[in-house]
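**Q** What follows is each chain in one-letter form.
There are 2 protein chains.
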Amino acid sequence: MEKCCTCEKCNAALKETLSIIGSKWTFLILWNLYEGTKQFSQLQKSLQGISPKTLSLRLHELEAKGVIIKTVYPEVPPRVEYSMTDKGNNLKDIFGELIKWSNNCLK
Amino acid sequence: MEKCCTCEKCNAALKETLSIIGSKWTFLILWNLYEGTKQFSQLQKSLQGISPKTLSLRLHELEAKGVIIKTVYPEVPPRVEYSMTDKGNNLKDIFGELIKWSNNCLK
Numbered sequence: 001m002e003k004c005c006t007c008e009k010c011n012a013a014l015k016e017t018l019s020i021i022g023s024k025w026t027f028l029i030l031w032n033l034y035e036g037t038k039q040f041s042q043l044q045k046s047l048q049g050i051s052p053k054t055l056s057l058r059l060h061e062l063e064a065k066g067v068i069i070k071t072v073y074p075e076v077p078p079r080v081e082y083s084m085t086d087k088g089n090n091l092k093d094i095f096g097e098l099i100k101w102s103n104n105c106l107k
Numbered sequence: 001m002e003k004c005c006t007c008e009k010c011n012a013a014l015k016e017t018l019s020i021i022g023s024k025w026t027f028l029i030l031w032n033l034y035e036g037t038k039q040f041s042q043l044q045k046s047l048q049g050i051s052p053k054t055l056s057l058r059l060h061e062l063e064a065k066g067v068i069i070k071t072v073y074p075e076v077p078p079r080v081e082y083s084m085t086d087k088g089n090n091l092k093d094i095f096g097e098l099i100k101w102s103n104n105c106l107k
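Sequence order for the protein chains is S and E. Take the first sequence: its letter number 62 is residue 62 in the UniProt record's numbering, and every next letter is one higher. Take the second sequence: its letter number 24 is residue 24 in the UniProt record's numbering, and every next letter is one higher.
It is possible that some hints are incorrect.
The following label-pair restraints were derived from C-beta to C-beta distances [claimed, not checked]:
{"#": "1", "chain 1": "S", "residue 1": "37", "chain 2": "E", "residue 2": "9", "range": "15 to 25 angstroms"}
{"#": "2", "chain 1": "S", "residue 1": "49", "chain 2": "E", "residue 2": "70", "range": "22 to 32 angstroms"}
{"#": "3", "chain 1": "E", "residue 1": "75", "chain 2": "S", "residue 2": "56", "range": "15 to 25 angstroms"}
{"#": "4", "chain 1": "S", "residue 1": "86", "chain 2": "E", "residue 2": "19", "range": "48 to 58 angstroms"}
{"#": "5", "chain 1": "S", "residue 1": "81", "chain 2": "E", "residue 2": "73", "range": "49 to 59 angstroms"}
{"#": "6", "chain 1": "S", "residue 1": "64", "chain 2": "E", "residue 2": "104", "range": "18 to 28 angstroms"}
{"#": "7", "chain 1": "E", "residue 1": "70", "chain 2": "S", "residue 2": "106", "range": "11 to 21 angstroms"}
{"#": "8", "chain 1": "E", "residue 1": "12", "chain 2": "S", "residue 2": "37", "range": "49 to 59 angstroms"}
{"#": "9", "chain 1": "E", "residue 1": "104", "chain 2": "S", "residue 2": "74", "range": "53 to 63 angstroms"}
{"#": "10", "chain 1": "S", "residue 1": "40", "chain 2": "E", "residue 2": "19", "range": "18 to 28 angstroms"}
{"#": "11", "chain 1": "S", "residue 1": "37", "chain 2": "E", "residue 2": "24", "range": "22 to 32 angstroms"}
{"#": "12", "chain 1": "E", "residue 1": "79", "chain 2": "S", "residue 2": "56", "range": "16 to 26 angstroms"}
The calculated BS3-like cross-link candidates involving lysine-lysine, where the alpha carbons are at most 25 angstroms apart (straight line), are [as the list claims (entries may be wrong)]:
{"#": "13", "chain 1": "E", "residue 1": "53", "chain 2": "S", "residue 2": "24"}
{"#": "14", "chain 1": "E", "residue 1": "87", "chain 2": "S", "residue 2": "92"}
{"#": "15", "chain 1": "E", "residue 1": "9", "chain 2": "S", "residue 2": "24"}
{"#": "16", "chain 1": "E", "residue 1": "87", "chain 2": "S", "residue 2": "87"}
{"#": "17", "chain 1": "E", "residue 1": "100", "chain 2": "S", "residue 2": "9"}
{"#": "18", "chain 1": "E", "residue 1": "53", "chain 2": "S", "residue 2": "100"}
{"#": "19", "chain 1": "E", "residue 1": "53", "chain 2": "S", "residue 2": "15"}
{"#": "20", "chain 1": "E", "residue 1": "24", "chain 2": "S", "residue 2": "9"}
{"#": "21", "chain 1": "E", "residue 1": "87", "chain 2": "S", "residue 2": "100"}
{"#": "22", "chain 1": "E", "residue 1": "24", "chain 2": "S", "residue 2": "24"}
Worth flagging that the hints you see were computed from the coordinates, not collected in a lab. From a predicted model like this one, the values you see are computed outputs, not experimental measurements. Just so you know, even glycine gets a beta-carbon here, dropped at the ideal spot from N, CA and C.
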């Protein structure tokens, strides 16, 4: 692991990443989008317990940070879809480690 | 990455890990404890903005899940220290990936 325990660089890097993805809902939103492009309603349905306001806020934050893309189709009513960017897909290794830890340490 | 997008096993494993470490403060608490054993006051000082109640709750949850150990020394007043278990130290790879993503994707 790259950790250098007294290094401000690692501290800053970790805090920066956590400021973008460091909430339970954000992890789960990204996890859903790994399966492919999704509409708001699909995300809301698969994320039991999330409020529309929280979902909308998290999606807006992720879009602003370039982790996901929002595409609006000029239909009536307009169709809105969310999908991962390359930056977002680069997060997959983190999810792999989260899963590995559970499989190795929680069984 | 171990992700099998439609696999319930990956879903369950991810949610289980997030249920234990999936909050911003928990990541930062663990990050502090990687530097070594700490007392409550030391953790509180280095985690600007956390309330004593939230810190106490997060530490209790981590202890209950076997991620950290709480040691109470019979002094007056009693000295209380927190340190990582092997299960906790196994989380380091997740932190490595969080740092790597920031260094690769946010610069």
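**Q** Compare the structure with each hint and give your call.
**A** Hints versus structure:
Here the CB-CB span from residue 37 (chain S) to residue 9 (chain E) is close to 24 angstroms, well matched to the stated 15 to 25 angstroms. Taking the beta carbon of each, residue 49 (chain S) and residue 70 (chain E) are about 30 angstroms apart, inside 22 to 32 angstroms as hinted. Under the hint 15 to 25 angstroms, the C-beta atoms of residue 75 (chain E) and residue 56 (chain S), about 51 angstroms apart, miss the expected range. Residue 86 (chain S) and residue 19 (chain E) have their C-beta atoms about 29 angstroms apart, which leaves the hinted 48 to 58 angstroms range violated.
For the hinted restraint 49 to 59 angstroms between residue 81 (chain S) and residue 73 (chain E), the CB-CB distance of approximately 57 angstroms keeps it satisfied. For the hinted restraint 18 to 28 angstroms between residue 64 (chain S) and residue 104 (chain E), the CB-CB distance of approximately 19 angstroms keeps it satisfied. Our hint of 11 to 21 angstroms for residue 70 (chain E) and residue 106 (chain S) holds, since their Cβ atoms are close to 20 angstroms apart. Range check, residue 12 (chain E) to residue 37 (chain S): about 24 angstroms between beta-carbon atoms, so the 49 to 59 angstroms window is missed.
At roughly 35 angstroms, the beta-carbon separation of residue 104 (chain E) and residue 74 (chain S) lies outside the given 53 to 63 angstroms, and the hint is violated. As the Cβ distance of residue 40 (chain S) to residue 19 (chain E) is approximately 25 angstroms, the hint placing it in 18 to 28 angstroms holds. Between residue 37 (chain S) and residue 24 (chain E), the C-beta spacing of about 28 angstroms keeps the proposed range 22 to 32 angstroms intact. One distance hint, 16 to 26 angstroms for the beta-carbon pair residue 79 (chain E) and residue 56 (chain S), is violated here, with the actual separation near 47 angstroms.
Of the pairs offered as hints, the one joining residue 53 (chain E) and residue 24 (chain S) holds, with about 20 angstroms between alpha carbons and a cut-off of 25 angstroms not exceeded. A threshold of 25 angstroms between alpha carbons decides the hint, and for residue 87 (chain E) with residue 92 (chain S) the separation of about 22 angstroms falls inside it, so the pair holds. A hinted pair counts as satisfied when its Cα atoms are at most 25 angstroms apart, and residue 9 (chain E) with residue 24 (chain S) qualifies at roughly 18 angstroms. Taken as a hint, the residue 87 (chain E) and residue 87 (chain S) pair is broken in the structure, with Cα atoms around 30 angstroms apart against an allowance of 25 angstroms.
For the hint pairing residue 100 (chain E) with residue 9 (chain S), the CA-to-CA distance comes to about 11 angstroms; that is within 25 angstroms, so the pair holds. Between residue 53 (chain E) and residue 100 (chain S) the alpha-carbon distance is near 31 angstroms, which puts this suggested pair outside the 25 angstroms criterion. Pair hint residue 53 (chain E) plus residue 15 (chain S) holds up; C-alpha atoms about 22 angstroms apart against a cutoff of 25 angstroms. In summary, the hint linking residue 24 (chain E) to residue 9 (chain S) is supported, as the alpha carbons are separated by about 18 angstroms, within the 25 angstroms threshold.
At roughly 12 angstroms between alpha-carbon atoms, residue 87 (chain E) and residue 100 (chain S) fall within 25 angstroms of each other, so this suggested pair holds. With a C-alpha separation of about 8 angstroms, the suggested pair residue 24 (chain E) and residue 24 (chain S) falls inside the 25 angstroms cut-off, and the hint holds.
In summary, the numbered hints that this structure violates are 3, 4, 8, 9, 12, 16 and 18.
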